[in-house]
Amino acid sequence: MRAILALILAVQLSGCGLLYRQTVQQGNLLEAEQIDALKPGMTKRQVALVLGTPAVQTPFRDDRWDYVSSFKDDSGKIELKRLTVIFDDNVLVRTEGDYEPGKGVRIKAAEDDAEGDSGTVDS
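Quick note: the sequence shown uses my numbering, first residue 91, plus one each step.
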């Protein structure tokens, strides 16, 4: 009788390891097409139309928007990504962060053209 009870208990407990764990995505989920659509000289309104409302918009730095996202897979591994959009006088100057737009895409801001220097979209 004890052997049967132990066998039933073992079978029930072994099923606990097979539970489904859903992947969880939070924050601004940005696609490559959205990042590639960013061009220097875009206004804040245009950037907001492309990327959506930023996750972090500090009142102390009106020239900076932060888009933050996290992805937790079924194994529990968490991947964090961020994109910082920098403006100067309400015009997009550059981006920084973990998103990689179109492999080596270089953008030039208007003030960089005068200096002969070009900015790179950081990944």
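Worth double-checking, as some hints may not be accurate.
Claimed, not checked - Heads up, simulated SDA-like pairs for lysine to any residue below, C-alpha to C-alpha not over 25 Å straight-line:
| hint | residue 1 | residue 2 |
| --- | --- | --- |
| 1 | K129 | K167 |
| 2 | K167 | N180 |
| 3 | K134 | D152 |
| 4 | K167 | V183 |
| 5 | K129 | N180 |
| 6 | K167 | Q115 |
| 7 | K162 | D152 |
Hints listed in this document are in silico derivations from the structure and should not be mistaken for laboratory results. Predicted model only: the values in this text are computed from it and were never measured.
Status of each hint after checking the structure:
{"no.": "1", "hint": "K129 - K167", "in the structure": "violated, 33 Å"}
{"no.": "2", "hint": "K167 - N180", "in the structure": "violated, 37 Å"}
{"no.": "3", "hint": "K134 - D152", "in the structure": "holds, 10 Å"}
{"no.": "4", "hint": "K167 - V183", "in the structure": "violated, 34 Å"}
{"no.": "5", "hint": "K129 - N180", "in the structure": "holds, 13 Å"}
{"no.": "6", "hint": "K167 - Q115", "in the structure": "holds, 12 Å"}
{"no.": "7", "hint": "K162 - D152", "in the structure": "violated, 31 Å"}
Violated hints, in rising order: 1, 2, 4, 7; the structure is consistent with all others.
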